[in-house]
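Chain A is fixed; fit chain B onto it per the hints.
Below, each chain spelled out in residue letters.
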Amino acid sequence: MSLTYLEAIREAQARALRDDPRVFIYGQDVGAFGGAFKATKNLAMEFPGRVLDSPISEDAMVGMAVGAAIEGMRPIVEMQFADFSLVGFNQIVNQAATLYWRTNVPCPITVRLPFGGTSGSGPFHSQCIEAIYAHYPGLIVLTPATVEDAYSMLLEAVALDDPVIFCEHKFLYRHLKAEKLPDEALPVGKARIAREGRDLTVVTYSAMVHEALEAANELSTEGWEIEIVDLRSVKPLDTDTVVASVARTGKLLCVGEAWPWGGVTAEIISRVSVEGFGLLDAPPQRLNAKDTPVPYHHNLWAAHRPTARSIATTARNLLRQ
Amino acid sequence: MFQTALDTKPSQETKSARDIHLSAFRYMMLARVLDDKFAALYRAGGKIHGGVFLGRGQEGLSAAIGISLQKGDVFAPLIRDAAGRLAFGETVLDSVRTYLGSAHGPMRGRDGNVHRGNVQEGLLPMISHLGAMISVVNGILLARRFQKKFGTVGAACIGDGATSTGSFHEAVNQAAVEKLPLVLVIADNQYAYSTPTSRQFACDSLAHKAAGYGVDVQTVDGTDFSACLKVAGEAVSRARREGGPQMIVARLLRLCGHGEHDVAEYVDPELKKSPLGRDCLNVAQDFLIQKNWLDEPQLAAMKDEIAHEIETAVAQAQREPAPDPFAEEWRALVSGHLSEGTMEP
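Chains A and B, in that order, are what the protein sequence lines are. In terms of my numbering, the first sequence is residues 2 to 322. In terms of my numbering, the second sequence is residues -9 to 335.
Everything labelled a hint here was simulated from the structure, so no lab data went into it. A quick note: this is a predicted structure, and the numbers were derived from the prediction, not measured. We put the beta carbon where it would ideally sit given N, CA and C, even for glycine. Take these hints with a grain of salt, some might be off.
[Said to hold, decoys possible] Pairs of lysine to aspartate or glutamate residues, derived as EDC-like cross-links and limited to a Cα-Cα distance of at most 16 Å, are as follows:
hint, chain 1, residue 1, chain 2, residue 2
1, B, Lys138, B, Glu232
2, B, Lys27, B, Asp211
3, B, Lys169, A, Asp54
4, B, Lys293, B, Asp26
5, B, Lys139, A, Asp54
6, A, Lys191, B, Glu330
7, B, Lys138, A, Asp54
8, B, Lys139, B, Asp211
9, B, Lys37, B, Glu232
10, B, Lys262, B, Asp211
11, B, Lys61, B, Glu111
12, B, Lys169, B, Asp211
[To be verified] Not the full set, but computed from the structure, chain B residues with beta-carbon under 10 Å of chain A:
hint, residue
13, His105
14, His119
15, His251
16, Asp252
[Stated by the list, open to error] Computed footprint of chain A on chain B, listed as stretches where at least three residues anywhere in the stretch have a Cβ under 8 Å from a Cβ of chain A:
hint, segment
17, 162 to 176
18, 311 to 325
Isolated chain A (complex conformation) (with noise of 0.2 Å):
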């Protein structure tokens, strides 16, 4: 049986339920619908009271899972969209995040973020907001770009202490499959090469990588051989691996979907050029979506985001120099 990264966040939701009365769902329409995609089909049934629809009230969504957190719960919040999670905003940053620091009490809260461009989805159902979440401490920032880590991080998520936001790709919902679930996975935290190379590093994460992935099976048709480092997770960010790889390859490109003004891409070169900066062999790129919001119409959102093409093309400028 082949399973998509959509029916792995599910699975793995069903297995936290399964194995951890202190695990529930809370979030709009996840109840006996199931989710606006799906991501919890079936699980109110399978787990009578354990998956409750929530009032349009990402703040008090929350609000309420800090506080069965602090009871004792490992509550999974489930954001219709990334972009309403900025509704609960202030309840993630200031609420959950400053709990353990200010208090030594633990807030173990999963808060599942669909983020991402799909085509036709607009300005408010598109966006990429993990950075802003990174910017603050106290919480850990994921971003699984496969099957395997959609499953596994998730359910690493919910065993953490700390407040996790979960960024799941809606781009990677039901175009990524993979055969089986897996048995072991890295730890979060861990970046992965997620293709080995010796001429240039191409640091992403999330739906870029498969981007990255398809630009770099065309670069090698014409000579070049380029490594990728799935990222996994944001925050805390394997800034080792990544500098490892660029001291193989002396070269660096930054990929990613989200908006160019700071970011995960910046915060990449910036911490290379702090800690490998004699690894360069030239300027360190960025390749980040257009600043501006996130288009409607496809023609517009394939341009506004970076793509196979666009990713090959600043490669290519970056292997010549």
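This is chain B only, laid out in the frame that chain A set:
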């Protein structure tokens, strides 16, 4: 640290009206003298880092809520709830330690003044966005339902200003949908910082909001501690008996600035002269003396005892070490292996 007296505090039902009133009055007085001490230390300069926020004029309502709660309940106070905190079991020493920045205080210097709390004891340390505390109380109550722990309630206290926030709306509605044993106390003290209620809301009474949520509501004269005790006691009992969320709207006047940095010249002098401007402590004292539940010598003894308790706590906190930045564990995550550290070279 919490007072052990809390463990043995008899429930309200078994205490006489006289005992309840006297106990509430003592917490009011304790809070007033403690607040005055913080104000004096603030004005003296150097002792207190950050602001000082007093509960002057709100002690009656506050004590009534605190005394109506039991051990095991949850209390999310507002910034003017020194009396309620003490009645709920917070020690004088914990509040003094927090204001004076003792490393031994419950917040260890990481947070201060009114942001103190003790989560394990059910006393939630507020974030500044006060409306956001209500849904956290909801979450604790929901968790207890999951865990089949029944019979406890959660009280969240806010002012008129917080009723204008989205968090308030979301959380009250949420509590009503889940039928949680929440007691939401609104101290309508006429000003949110400097903003009068005429610029805060347009309904005749904040109590009218309750019907929109399907929540029970009682209004009370917040300057009358006896009336507050009755209303708070009843609301807590109804919530405890699975009666769903309860709202209390108490009208009173803040008899101080927003904080001690604020001289509050904006307060309407007519309001100060109106019944709302009565000092609840004087009202309570007159009530007790008239009832013959308290006489002048007892009052004097109570004041002496309180002054001594506070001076002792201040002296102790002043001897205690301040937080040490070199010994501080600069880590915001439980998961040490996932902490990014300070990024120092």
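These are the hints, each one checked on the structure:
| no. | hint | verdict |
| --- | --- | --- |
| 1 | B:Lys138 with B:Glu232 | holds, 13 Å |
| 2 | B:Lys27 with B:Asp211 | violated, 27 Å |
| 3 | B:Lys169 with A:Asp54 | holds, 14 Å |
| 4 | B:Lys293 with B:Asp26 | holds, 13 Å |
| 5 | B:Lys139 with A:Asp54 | violated, 22 Å |
| 6 | A:Lys191 with B:Glu330 | holds, 13 Å |
| 7 | B:Lys138 with A:Asp54 | violated, 20 Å |
| 8 | B:Lys139 with B:Asp211 | violated, 34 Å |
| 9 | B:Lys37 with B:Glu232 | violated, 46 Å |
| 10 | B:Lys262 with B:Asp211 | holds, 15 Å |
| 11 | B:Lys61 with B:Glu111 | holds, 8 Å |
| 12 | B:Lys169 with B:Asp211 | violated, 27 Å |
| 13 | His105 | holds, 8 Å |
| 14 | His119 | holds, 6 Å |
| 15 | His251 | violated, 23 Å |
| 16 | Asp252 | violated, 23 Å |
| 17 | 162 to 176 | holds (count 3) |
| 18 | 311 to 325 | holds (count 5) |
Violated hints, in rising order: 2, 5, 7, 8, 9, 12, 15, 16; the structure is consistent with all others.
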